[in-house]
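For the protein sequence lines, the chains are F and H, in the order given. One gets the working numbering by counting positions in the first sequence from 1 and adding 1389 to each. One gets the working numbering by counting positions in the second sequence from 1 and adding 1389 to each.
Among these hints, one or two may not hold up.
For chains that are exact copies, the list does not tell them apart, and a pair is met inside one copy or across any two.
Keeping only pairs whose Cα atoms sit at most 27 Å apart, straight-line, the calculated DSSO-like set for lysine-lysine is [as the list claims (entries may be wrong)]:
#1 Lys1527 with Lys1777
#2 Lys1813 with Lys1497
#3 Lys1461 with Lys1728
#4 Lys1753 with Lys1527
#5 Lys1663 with Lys1461
#6 Lys1554 with Lys1527
#7 Lys1527 with Lys1721
#8 Lys1551 with Lys1743
#9 Lys1753 with Lys1551
#10 Lys1647 with Lys1728
#11 Lys1635 with Lys1721
#12 Lys1819 with Lys1584
#13 Lys1728 with Lys1777
The set of hints was computed from the structure by calculation and includes no laboratory data.
Number of protein chains: 2
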Amino acid sequence: MFKLSTLDWTTVVFWLKMAGMHQSELFTQIRREAPSDEMATNAELLIRAGFVHKELAGVYSYLPLGYRVLMKIANLVREEITHSLGAQEVLMSSLHPLENYQKTGRDKIDVLFHTELSSGGELVLGQSHEEIVVPLVKGFLTSYRDLPLGVFQIQTKFRNEKRAKSGLMRGREFLMKDLYSFHQNEADFDSYYDKVRAAYTRIFEAVGLGDTTYFTYASGGTFSDYSHEFQTLTEAGEDNILVCEKCHLAVNEEFTEKQTTCPGCEAPFANLEKRRALEVANIFPLKTKFSSAFSLTYRDEQGEEKLAIMGCYGLGISRLLGAIAEIHSDDKGLIWPEKVAPFKVHLLTFGEAKDPNVLERAEKLYDKLTTDGHEVLWDDREVSAGEKMAGADLIGLPYRIVISPKTLAESKVELKLRRESDVKLIPEDKLCNYLG
Amino acid sequence: MFKLSTLDWTTVVFWLKMAGMHQSELFTQIRREAPSDEMATNAELLIRAGFVHKELAGVYSYLPLGYRVLMKIANLVREEITHSLGAQEVLMSSLHPLENYQKTGRDKIDVLFHTELSSGGELVLGQSHEEIVVPLVKGFLTSYRDLPLGVFQIQTKFRNEKRAKSGLMRGREFLMKDLYSFHQNEADFDSYYDKVRAAYTRIFEAVGLGDTTYFTYASGGTFSDYSHEFQTLTEAGEDNILVCEKCHLAVNEEFTEKQTTCPGCEAPFANLEKRRALEVANIFPLKTKFSSAFSLTYRDEQGEEKLAIMGCYGLGISRLLGAIAEIHSDDKGLIWPEKVAPFKVHLLTFGEAKDPNVLERAEKLYDKLTTDGHEVLWDDREVSAGEKMAGADLIGLPYRIVISPKTLAESKVELKLRRESDVKLIPEDKLCNYLG
């Protein structure tokens, strides 16, 4: 179909080498307890399983397993935004001059972290990038031929929240994808907006939140009549939404003054169900709010200077990690959807000391699976079978394979899916039928 | 050789789709001038060519071309550190509690940016991560069996520099790879240290700085007798080093009180050449400076609690971008080494309006090259041949291919390497021999 260039080859080889890991080499370990001040289920599980480390409330470091999930979510989002929307990736700074915010009147918003240059000059940490992207694009935008334009980044954001108690779902420091679009007119903006909505829908399906995530009508804040959110059902969320199951749509409770029926079938609110939910993404018409603050104009076909119409589209990468952990888990631990799991297969070996064949078979299977490109975490630690099983449930990889003297006696391996309860004994050469 | 899993396949397809771009769609444009306050050659060229945007002195945003280079450097470094050293990748927070710095006595260092939680609590922005990684590792380290251990990240750092005048080569906000290693004893640390030295040497060779980068003996600051730097020769650097060409080694001028001859051949300083250079990386013995501050201990074979011996190893990712731009450039613009070039080939088309065959041939060649996995930027803008040629020289991709009515008349394409002056007319089907 195509040949691989040096670059692509390097990338492939890199991922393949990353396909396998011995758990004894992983520096993180499973913990019995999370910090006592950690209230959120998602953070408690992620800390106990060794995915994240809490630095302070709302601020986490990502450990090897957690970083792999974070990067998988980021790459899924990157691909969708790049290929469906043709948006161009950049990386904007975290240090922002305060004067940019004075121009838009956002210098007083209370979630800003403030700091100062030692040489003089007030700065804020980026909690959003309108004040940076608009002056940046202004340097390049001249004609209507340059529009529409989409610019996005996957970048750390900082919000000085008074309270941070939802774990990874509402951080003071978090990873976010933010996309900004620029248009000649409302009609062009509307069609781009619909494309982003479709791209977001595909992303939530890919990460296993398709069923529980609702396109939600919400208020537009100070500079728009409306906005739209993607709300994922969870008791740990901070919003209330009214859900129409028939249309798979919702209305944010705060918007029910303006929107009094389901926006799809027009069912009255009395017929809709009130649910607790978490905002995982939003899409927002900015109109000319920011382009007018910085005089971001283009020359139209008649040669007249016009303000660009803008939209912004946020999607929380680390928040999704938190939401997936919160929703895809049970009393035993995490249950990762396959596309974002840190590894696909958890290979457990029991009774290595009693039977040297266990190690030999496991090594061969580990080599075969990783060579075939399946990502395998091999629990080769010197701990009991019970501890390995409990650890596998907590870490939550999609497929658990056990090799033990018992399975060898039947010339088989044991396979269990994390999200199912039954355990199968199957011949090793039939494994590929189950792993997909 | 091996099959590709779903994950790897997605990654490959992603890179291949990224293999080609029409320059008319790139939102950045070439500029005649950089901002008047920009003094550094690297930043001036990178701004004019549309690779970066200056937010304030020492703070840059990366635009699509610049972001591609940044990610290529980051991936080269990531692969080397992961595969040669077996170090594990994490992503630590940028917000750090000030109290961690009070424990190490580094709370007064003047390059820290300070900020405050709205709920109370003093924070600093990470300029280095010893104060975070040591408490983090402490939560997992128990036995000598866990050592040696290497943990690294590629993360934004913040340094509150009084002056920032070297463009991307000394930023207030910059991307850095930092690696921390943990050991039982000095001998184990020494052998790890040597492996990092070898890995760094390979990285500088890969990014085209092998010849001009010297392993340099330097002072150890307040808590070590010595350290080592990798210094790249450039008049824009901020250090003076004494270079021994014979041994390809150097001594930092500030260290000449302790080291009075070439560390290789023991040639006296009078025989060495004094050169201006830029520190692109350092490797540093930390001994127990940080492990004692946080009581980072492990149980040794005799069951005794011992402090871990540490090393830290920095390598500037965005600084390398700046150094490569500074060094690999001429009066016409940038000259990217192939492994870090944003695209490999710059395809220029002239005279499309006069001859429709130009567009047709170019489309076929663009498809063929990208399908073969060569990364191609096609300058399909409606501008003059002269403007396209000047732009290609400024952007500095390794290979320039021209298709015009003139080349078509001879059934050939024109090929020029950015770092060579001669232009070849060659048959299209022989191109692959030249592109490697």
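So, going through the hints one by one against the coordinates:
Taking the shortest Cα distances, Lys1527 and Lys1777 sit within 27 Å of each other only across copies (23 Å), while inside one copy they are farther apart (57 Å). For a Cα distance limit of 27 Å, the shortest separation of Lys1813 from Lys1497 qualifies neither inside one copy, at 60 Å, nor across copies, at 61 Å. With identical chains, the CA atoms of Lys1461 and Lys1728 are at most 27 Å apart both within one copy (7 Å) and between copies (24 Å). Taking the shortest Cα distances, Lys1753 and Lys1527 never come within 27 Å of each other, neither inside one copy (58 Å) nor across copies (35 Å).
Taking the shortest Cα distances, Lys1663 and Lys1461 never come within 27 Å of each other, neither inside one copy (32 Å) nor across copies (48 Å). Proximity of Lys1554 to Lys1527 under the C-alpha cut-off of 27 Å is restricted to the inter-copy arrangement: shortest distance 25 Å between copies versus 39 Å within a copy. For the identical chains of this complex, Lys1527 and Lys1721 are inter-copy neighbours only, at 26 Å across copies versus 52 Å inside a copy, given an alpha-carbon limit of 27 Å. For a Cα distance limit of 27 Å, the shortest separation of Lys1551 from Lys1743 qualifies neither inside one copy, at 56 Å, nor across copies, at 65 Å.
Taking identical chains as interchangeable, the C-alpha atoms of Lys1753 and Lys1551 are never at most 27 Å apart, the minima being 53 Å within one chain and 58 Å between chains. In this homomeric assembly, Lys1647 and Lys1728 never come within 27 Å of each other (Cα to Cα): the closest approach is 38 Å inside a single copy and 55 Å across copies. In this assembly of identical chains, the alpha carbons of Lys1635 and Lys1721 never lie at most 27 Å apart, being 33 Å within a copy and 63 Å across copies at closest. In this assembly of identical chains, Lys1819 and Lys1584 lie within 27 Å of each other by CA distance neither inside one copy nor across copies; the values are 42 Å within and 42 Å between.
Within a single copy, Lys1728 and Lys1777 get their C-alpha atoms as close as 23 Å, which meets the 27 Å cut-off; across copies the closest is 43 Å, which misses it.
The structure fails to meet hints 2, 4, 5, 8, 9, 10, 11 and 12 from the earlier list, while all remaining hints are met.
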